[in-house]
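J.: The lines below spell out each chain.
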Amino acid sequence: MNTFELLGQGLLTALQWSNLLYALIGVTLGTAVGVLPGIGPALTVALLLPVTYRLDPAGSLIMFAGIYYGGMYGGSTTSILLNTPGESASIVTALEGNKMARQGRGGPALATSAIGSFIAGLVATLGLAFIAPWVVQFALSFGPSEYFALMLLAFMTVSAAFGDSTLRGLTALFIGLALGLIGIDQLTGQTRLAMGTPNLFDGISVTTLAVALFAIGETIAVVASKTAMDEKIEAVKGSVWMTKQDWARSWKSWVRGTAIGFPIGAMPAGGADVASFLSYSAERQFSKHPEEFGHGAIEGVAGPEAANNASAAGTLVPLLTLGLPTTATAAIMLAGFQQFGLQPGPLLFVSNATLVWGLIASLLVANFMLLVLNLPLIGLWVRLLTIPRPWLYAGILTFATLGTIGASASTFMIGPLPTSFELGLLLLFGLLGYLLRRFGYPIAPVVVGLILGPMAERSLRQALQISQGDPTVLVHSWISIVLILLAVAAVFVPMILRARGKGQMLSAMAGDED
Amino acid sequence: MSVLDDNPTRERRPDWAAFAIAIVLGIASAAIAWSTYNAGGIATTQPVGPKTVPYIVAACLFGLAIWTAVEALRGDFPEREEQQTAPIIWVVGGLIVQMLTIKTIGFSLATALMFTATAYAFNERRVWLTLPFGLVFCFLVWLAFARGLQLSLPAGPLERLF
Numbered sequence: 001m002n003t004f005e006l007l008g009q010g011l012l013t014a015l016q017w018s019n020l021l022y023a024l025i026g027v028t029l030g031t032a033v034g035v036l037p038g039i040g041p042a043l044t045v046a047l048l049l050p051v052t053y054r055l056d057p058a059g060s061l062i063m064f065a066g067i068y069y070g071g072m073y074g075g076s077t078t079s080i081l082l083n084t085p086g087e088s089a090s091i092v093t094a095l096e097g098n099k100m101a102r103q104g105r106g107g108p109a110l111a112t113s114a115i116g117s118f119i120a121g122l123v124a125t126l127g128l129a130f131i132a133p134w135v136v137q138f139a140l141s142f143g144p145s146e147y148f149a150l151m152l153l154a155f156m157t158v159s160a161a162f163g164d165s166t167l168r169g170l171t172a173l174f175i176g177l178a179l180g181l182i183g184i185d186q187l188t189g190q191t192r193l194a195m196g197t198p199n200l201f202d203g204i205s206v207t208t209l210a211v212a213l214f215a216i217g218e219t220i221a222v223v224a225s226k227t228a229m230d231e232k233i234e235a236v237k238g239s240v241w242m243t244k245q246d247w248a249r250s251w252k253s254w255v256r257g258t259a260i261g262f263p264i265g266a267m268p269a270g271g272a273d274v275a276s277f278l279s280y281s282a283e284r285q286f287s288k289h290p291e292e293f294g295h296g297a298i299e300g301v302a303g304p305e306a307a308n309n310a311s312a313a314g315t316l317v318p319l320l321t322l323g324l325p326t327t328a329t330a331a332i333m334l335a336g337f338q339q340f341g342l343q344p345g346p347l348l349f350v351s352n353a354t355l356v357w358g359l360i361a362s363l364l365v366a367n368f369m370l371l372v373l374n375l376p377l378i379g380l381w382v383r384l385l386t387i388p389r390p391w392l393y394a395g396i397l398t399f400a401t402l403g404t405i406g407a408s409a410s411t412f413m414i415g416p417l418p419t420s421f422e423l424g425l426l427l428l429f430g431l432l433g434y435l436l437r438r439f440g441y442p443i444a445p446v447v448v449g450l451i452l453g454p455m456a457e458r459s460l461r462q463a464l465q466i467s468q469g470d471p472t473v474l475v476h477s478w479i480s481i482v483l484i485l486l487a488v489a490a491v492f493v494p495m496i497l498r499a500r501g502k503g504q505m506l507s508a509m510a511g512d513e514d
Numbered sequence: 001m002s003v004l005d006d007n008p009t010r011e012r013r014p015d016w017a018a019f020a021i022a023i024v025l026g027i028a029s030a031a032i033a034w035s036t037y038n039a040g041g042i043a044t045t046q047p048v049g050p051k052t053v054p055y056i057v058a059a060c061l062f063g064l065a066i067w068t069a070v071e072a073l074r075g076d077f078p079e080r081e082e083q084q085t086a087p088i089i090w091v092v093g094g095l096i097v098q099m100l101t102i103k104t105i106g107f108s109l110a111t112a113l114m115f116t117a118t119a120y121a122f123n124e125r126r127v128w129l130t131l132p133f134g135l136v137f138c139f140l141v142w143l144a145f146a147r148g149l150q151l152s153l154p155a156g157p158l159e160r161l162f
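Protein chains in written order, with full-length UniProt numbering: chain U, 1 to 514; chain E, 1 to 162.
It should be emphasised that the hints constitute simulated quantities derived from the structure, not laboratory data.
Treat each hint with caution, since some may be false.
What the hints assert, rightly or not - Here are the simulated lysine to aspartate or glutamate pairs, DMTMM-like style, with alpha carbons at most 20 Å apart: (1) U/K244 to U/E292; (2) E/K51 to U/D246; (3) U/K226 to E/E82; (4) E/K51 to U/E292; (5) U/K244 to U/D202; (6) U/K288 to U/D246; (7) U/K226 to E/E81; (8) U/K226 to E/E124; (9) U/K252 to U/D202; (10) U/K226 to E/E159.
Keep in mind that this is a model prediction, so the values were computed, not measured.
Could you build the full structure based on these sequences and the hints that come with them?
T.: Okay, here's the thing in structure tokens:
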């Protein structure tokens with residue numbers, strides 16, 4: 001069957017009422033968390049894992065993907081109107097977008113980012129549909145040693161390649177890897193690092209770690225900061241519609257943003273934040289109005305916003321075809337697949353073709369929903385920004401603790417007093433999240449390490465089992481060799497760049513979250 | 001917990017807080033190695049057993065600890081903003097109270113206390129407003145998720161009334 005037929009069948013799945021509802025819930029939630037400062041798609045998907053445990057797998061995954069896409073749309077609203085990015089992929093949008101809003105051109109800025117996001121999402125999702133079968137064919141030949149090399153590459157690009165310090169990225173990764181070791185070993189049943197606590201035998205839950213690092217850590221960081229408390233919302237004045245000139249200046253940027261964002265997401269080369277940053281610098285070079293940059297150039301909004309959506313779609317290529325997450329959100333979505341007993345990878349396209357193609361087709365549907373949600377209904381989302389901080393963060397922590405208890409209801413006795421073990425872990429990791437932020441450590445590598453670590457270990461041990469302990473099996477095929485060389489380059493090239501004082505660009509691309 | 005900024009000038013001095021991170025990483029690395037070494041061995045014929053990767057992770061963490069110590073002594077860590085400690089204590093205290101009480105007094109009451117403490121930390125001092133609102137809000141959340149979505153959330157005296 002060719003891609004068109006598969007995609008057509010997927011559309012039939014996607015257009016079922018229940019799946020449309022899941023997609024709608026997903027994009028609405030996603031836009032909301034994108035708009036709200038302090039929470040992003042990674043946290044939201046993590047919170048929903050325990051809630052969706054008993055729901056339909058296909059529907060839940062459609063919802064997760066909707067949240068991911070919606071987060072990319074919603075983040076721009078906060079960047080433009082508040083000058084505080086709603087999530088990390090919208091940091092550069094704030095540069096030009098907020099300037100536009102201050103000149104009373106907030107409407108066109110929001111419009112160009114919504115339409116750009118739509119076009120990028122559409123093209124990139126189609127790209128995903130057409131590239132995925134090729135990657136799957138290629139990946140069917142992969143053995144455990146190729147997978148191990150691939151995961152090694154993902155570890156290094158997520159932790160060491162971007163950000164302002166190789167040391168802190170790698171440290172964050174190894175904290176995640178160490179946490180991933182806790183619990184009963186999958187292959188032998190040996191208990192590791194559980195300190196004799198039965199509550200730890202099942203390992204650290206993804207939900208608890210992600211919620212703690214993102215929600216609790218962020219809340220403490222905001223409340224402790226003396227400067228983060230005063231912000232001003234720019235009202236949307238004047239026409240929401242773009243003028244003819246706005247269109248003329250935007251469309252090339254949309255195309256360029258898509259062309260930059262999709263490959264960056266698809267290759268394990270960093271997340272949406274990297275893509276949006278590269279797109280911004282490309283727009284500044286290509287623009288016919290370079291003097292406007294820094295004072296509200298519409299290209300500087302259109303390009304990065306297209307790029308971050310295209311990259312979100314691109315991220316799904318390695319996630320679905322190889323089971324390889326390259327961002328925190330993708331890592332948590334992987335945990336979502338696993339919760340339903342599904343393992344993303346080439347085999348999923350064979351064994352669960354309906355689900356995979358239904359998911360891909362749903363993304364097209366979700367993209368249309370998002371355009372409607374974000375153009376005519378933009379005023380509604382702006383209202384979300386007026387929720388006072390104390391109530392907003394108290395509410396975020398309520399849902400954070402709710403999801404954590406939902407993930408595991410285990411009790412821990414302190415003397416005669418029954419307490420919630422999972423909430424204790426939440427607090428502990430929350431403080432860890434705060435300290436990581438305070439000392440400039442990235443958060444995403446910790447989450448990726450926790451989820452991908454045990455998978456990489458399994459591949460490594462399987463590979464060595466097959467070769468009867470001969471480590472050269474890891475470099476036996478040219479695919480492995482190339483992947484390992486790329487992983488090594490991902491660590492050393494940025495280190496050399498930083499040492500030569502060319503690190504500013506890399507540090508500007510530092511991703512916090514998604 | 002929060003370390004005050006002792007680096008107002010761009011002068012590079014040893015960063016003792018960062019040095020403490022290096023020590024913690026070193027301890028963590030030793031703890032992983034020690035715990036792995038002492039874990040009872042399961043007889044295995046595989047060349048790479050369940051202990052190999054923990055040793056690798058411990059070794060890498062040790063290397064990172066030394067690297068961190070070097071960067072800390074050279075003052076290579078980014079400058080840190082001054083922090084307020086009181087609000088942190090309110091947020092953390094609220095979470096501790098919730099953790100300790102949730103199994104006894106139920107989700108709604110325990111979470112309402114945490115809700116109020118968090119709002120207080122963010123300068124919403126009208127406790128007579130936040131506490132009742134938090135209680136109603138948490139109870140509605142409990143109804144929706146425990147009853148509606150079958151999530152297992154601890155029930156207390158309040159929840160048992162319904």
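J.: Going through the earlier hints one by one, which of them does the structure break, listed in rising order?
T.: 2, 4, 5, 9, 10
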